[in-house]
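Heads up: the protein sequence lines correspond to chains V and Z, in order. Read left to right, the first sequence gives residues 1 to 388 (our numbering). Read left to right, the second sequence gives residues 1 to 388 (our numbering).
Keep in mind that a hint or two might mislead.
Since the list gives no way to pick out one identical chain from another, each pair is judged satisfied if it fits inside one copy or across any two copies.
[Said to hold, decoys possible] Straight line, CA to CA, 30 Å or less: simulated DSSO-like cross-link-like pairs of lysine-lysine:
#1 Lys84 - Lys17
#2 Lys61 - Lys23
#3 Lys23 - Lys84
#4 Lys385 - Lys17
#5 Lys17 - Lys346
#6 Lys84 - Lys56
#7 Lys385 - Lys56
#8 Lys56 - Lys17
#9 Lys346 - Lys61
#10 Lys56 - Lys346
#11 Lys61 - Lys385
Derived by calculation from the structure, the hints in this document are not laboratory data.
2 protein chains.
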Amino acid sequence: MGDKSWSQRAAEIESFKVMDLLKRARQLESEGYDVVHMEVGEPDFGTPAPVAEAAKVAIDKGLTQYTPAAGIPELRQRIAEFYKQRYGVDLPAERILVTAGASGALLLAFSLLTDAGQKMILSDPGYPCNRQFLRVLEAASTLVPVDASGNYQLTAESVAAHWDQDTAGVLLASPANPTGTVVADEELAAIADVVANRGGQLVVDELYHGLTYGFDATSVLQIQPDAFVLNSFSKYFGMTGWRLGWLVAPEGAVHELERMAQNLFISPPTVSQYAALAAFEPDTIAILEQRREAFRQRRDLLVAGLRDIGFELPVTPQGAFYVYADASRFTDNTFDFCWDILEDCKVAVTPGLDFGHHHASRHIRFSYTTDLDRIELALERIRQKVVG
Amino acid sequence: MGDKSWSQRAAEIESFKVMDLLKRARQLESEGYDVVHMEVGEPDFGTPAPVAEAAKVAIDKGLTQYTPAAGIPELRQRIAEFYKQRYGVDLPAERILVTAGASGALLLAFSLLTDAGQKMILSDPGYPCNRQFLRVLEAASTLVPVDASGNYQLTAESVAAHWDQDTAGVLLASPANPTGTVVADEELAAIADVVANRGGQLVVDELYHGLTYGFDATSVLQIQPDAFVLNSFSKYFGMTGWRLGWLVAPEGAVHELERMAQNLFISPPTVSQYAALAAFEPDTIAILEQRREAFRQRRDLLVAGLRDIGFELPVTPQGAFYVYADASRFTDNTFDFCWDILEDCKVAVTPGLDFGHHHASRHIRFSYTTDLDRIELALERIRQKVVG
Numbered sequence: 001m002g003d004k005s006w007s008q009r010a011a012e013i014e015s016f017k018v019m020d021l022l023k024r025a026r027q028l029e030s031e032g033y034d035v036v037h038m039e040v041g042e043p044d045f046g047t048p049a050p051v052a053e054a055a056k057v058a059i060d061k062g063l064t065q066y067t068p069a070a071g072i073p074e075l076r077q078r079i080a081e082f083y084k085q086r087y088g089v090d091l092p093a094e095r096i097l098v099t100a101g102a103s104g105a106l107l108l109a110f111s112l113l114t115d116a117g118q119k120m121i122l123s124d125p126g127y128p129c130n131r132q133f134l135r136v137l138e139a140a141s142t143l144v145p146v147d148a149s150g151n152y153q154l155t156a157e158s159v160a161a162h163w164d165q166d167t168a169g170v171l172l173a174s175p176a177n178p179t180g181t182v183v184a185d186e187e188l189a190a191i192a193d194v195v196a197n198r199g200g201q202l203v204v205d206e207l208y209h210g211l212t213y214g215f216d217a218t219s220v221l222q223i224q225p226d227a228f229v230l231n232s233f234s235k236y237f238g239m240t241g242w243r244l245g246w247l248v249a250p251e252g253a254v255h256e257l258e259r260m261a262q263n264l265f266i267s268p269p270t271v272s273q274y275a276a277l278a279a280f281e282p283d284t285i286a287i288l289e290q291r292r293e294a295f296r297q298r299r300d301l302l303v304a305g306l307r308d309i310g311f312e313l314p315v316t317p318q319g320a321f322y323v324y325a326d327a328s329r330f331t332d333n334t335f336d337f338c339w340d341i342l343e344d345c346k347v348a349v350t351p352g353l354d355f356g357h358h359h360a361s362r363h364i365r366f367s368y369t370t371d372l373d374r375i376e377l378a379l380e381r382i383r384q385k386v387v388g
Numbered sequence: 001m002g003d004k005s006w007s008q009r010a011a012e013i014e015s016f017k018v019m020d021l022l023k024r025a026r027q028l029e030s031e032g033y034d035v036v037h038m039e040v041g042e043p044d045f046g047t048p049a050p051v052a053e054a055a056k057v058a059i060d061k062g063l064t065q066y067t068p069a070a071g072i073p074e075l076r077q078r079i080a081e082f083y084k085q086r087y088g089v090d091l092p093a094e095r096i097l098v099t100a101g102a103s104g105a106l107l108l109a110f111s112l113l114t115d116a117g118q119k120m121i122l123s124d125p126g127y128p129c130n131r132q133f134l135r136v137l138e139a140a141s142t143l144v145p146v147d148a149s150g151n152y153q154l155t156a157e158s159v160a161a162h163w164d165q166d167t168a169g170v171l172l173a174s175p176a177n178p179t180g181t182v183v184a185d186e187e188l189a190a191i192a193d194v195v196a197n198r199g200g201q202l203v204v205d206e207l208y209h210g211l212t213y214g215f216d217a218t219s220v221l222q223i224q225p226d227a228f229v230l231n232s233f234s235k236y237f238g239m240t241g242w243r244l245g246w247l248v249a250p251e252g253a254v255h256e257l258e259r260m261a262q263n264l265f266i267s268p269p270t271v272s273q274y275a276a277l278a279a280f281e282p283d284t285i286a287i288l289e290q291r292r293e294a295f296r297q298r299r300d301l302l303v304a305g306l307r308d309i310g311f312e313l314p315v316t317p318q319g320a321f322y323v324y325a326d327a328s329r330f331t332d333n334t335f336d337f338c339w340d341i342l343e344d345c346k347v348a349v350t351p352g353l354d355f356g357h358h359h360a361s362r363h364i365r366f367s368y369t370t371d372l373d374r375i376e377l378a379l380e381r382i383r384q385k386v387v388g
């Protein structure tokens, strides 16, 4: 049975380039080198203690059976209250579906919105899995190049220009991975208008909400109450491995989504759901806000340091924990350059190619998911290499 | 924005009929009625204590970050050892991908094996989500009617007869949901031959392995080393809400599957993975084997009781925790009949329609996921209704 061929879809799903870098980084570490990790899209702070405690209590209570497909009612309610508190948005709990990470929310949303051959408009660069989900579903993506001139985000103008008869909707991410930029309120409203006028659907990835520095990001629900929102307990709430997220959907979509969730997931992880109830408690929020301040300091240090070395950052990233730096002063091939940085500086970063095609070979994503001392060390090592 | 239409795929995904019954059952309970639950596909025993303890230890150790997409190496290794112990099968750990429930394994396997329009051969009746996964992926299913004459399973003959140029492979389930039957070894080998001769792929759902009574089921890997196997920690291991399963794949498929898993899931739930390491410990297995004996007693009681009342069970179910009973002596519409049983007897069961079309309106699935006393009570109430 040696020579198998699998589906075309499987062949077209791309791997993350950074995985090979990560493997090499671990090898270097096993050889005794001290590698600074700035490649990972995961907070280094771990699960907040009150959340971890709540998980253990749930286990002791035997709360480990299946739950409703859309999540336990008390968590949906708690998330609804969070929208009231943070954004002043009144949201019935029924409009919130708890999912297996934002990954689960993406699969549900795209399954609902696209038929085979239909397209979602996405930014390039952007979170790479978005287009892979569409590919798996036999739908497609319209990748719209974005750059510093448009704050690395889609605009009403670019959305309108790329809309065609097969377009089902638009996915925005704000703050965005990898660029950390936030869509301005007026632009968000203008994009929502364009999408509504064309009878499409607007999906906004708000995964990095709570991780904006010096201001709070607006939820699209404050502007367009019928938008779809993707969110997660992974980033602001520090619960990556618990695999829990949520999808806010318009009321008329909830039954379809629940039906799909029943079939595709049965239910989200149960202990994670009970743990997440503690994520909204004041003690936890206090911890999360301290972490947010730490992230802000790291961003400021990293942005200043990279600019000083000679990386171009025409726009200061406003959120998430990424800096998407233009390295064209040093290279026109950041894929090779990332390997050089790893080998020569023992600093692991992610090449732009992992996030799209548009000027990807000029860019590098730095994650500031490591502390100030380590960021200083990484900057110093890279300076030695490229400046001398 | 009132009148939305969603994707065709969303419209075609079916809900479980039993959900409305379950809702009504809960309403009856809130009114003070004592409802016997025999509709649920979930063991009533809860998580084994050593597994729950291991989860708490993992949380205390801070093991709550993302893991590799295919799972932590030590769990993949532990599962590989399990195949050696239980089945005498040598399986490199690399061929095992840990997934978010068997649901995650199904999505990966079908994504790998089918392109748009391609078909998997499935039994009717069968686990309903199988065909919904295929629909979501724009692939399709060939539903092959099975009945008592063929042990409610696909046969080499029926597979060959239904194979056409768009067929990518076959999904068997052994023991099967809803019928509890096991494919005989010779038939399994013959089916594997038919599939291999046509250049297709064989996927076997072994989710209910460990829950066969009086004998151990053969894994397809003992017969066809290159088959795909779906399994789960939910059933035998009693870990439903932890959402953890696995997929065994041929070596040549592992890279494709890992790449898809990275994109679709990031990683399986972390605490669940560390907890699952304890699932293979002798203390846990001892608990699980006691539960297995309890399930056997329940099956024997339920099968005898239903036959005595007048339900037809031409084949004794050999595994899982389901009895798929022919109720044609009482009704030609088990959907209504299940509602009557709920209203009149306060016993919740699942209509055959949830599992397919073939003679579905004659059949009812009884789950023996409740203890002997409750099964006695349910039998007595149903007897009163239908026999008097």
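Right, here's what the structure says about each hint:
no., hint, in the structure
1, Lys84 - Lys17, "neither (40 Å within a copy, 35 Å between copies)"
2, Lys61 - Lys23, "between (40 Å within a copy, 24 Å between copies)"
3, Lys23 - Lys84, "between (43 Å within a copy, 29 Å between copies)"
4, Lys385 - Lys17, "within (22 Å within a copy, 65 Å between copies)"
5, Lys17 - Lys346, "within (17 Å within a copy, 57 Å between copies)"
6, Lys84 - Lys56, "within (28 Å within a copy, 33 Å between copies)"
7, Lys385 - Lys56, "neither (47 Å within a copy, 45 Å between copies)"
8, Lys56 - Lys17, "neither (37 Å within a copy, 35 Å between copies)"
9, Lys346 - Lys61, "between (46 Å within a copy, 28 Å between copies)"
10, Lys56 - Lys346, "neither (38 Å within a copy, 35 Å between copies)"
11, Lys61 - Lys385, "neither (55 Å within a copy, 38 Å between copies)"
The earlier numbered hints that this structure contradicts are 1, 7, 8, 10, 11.
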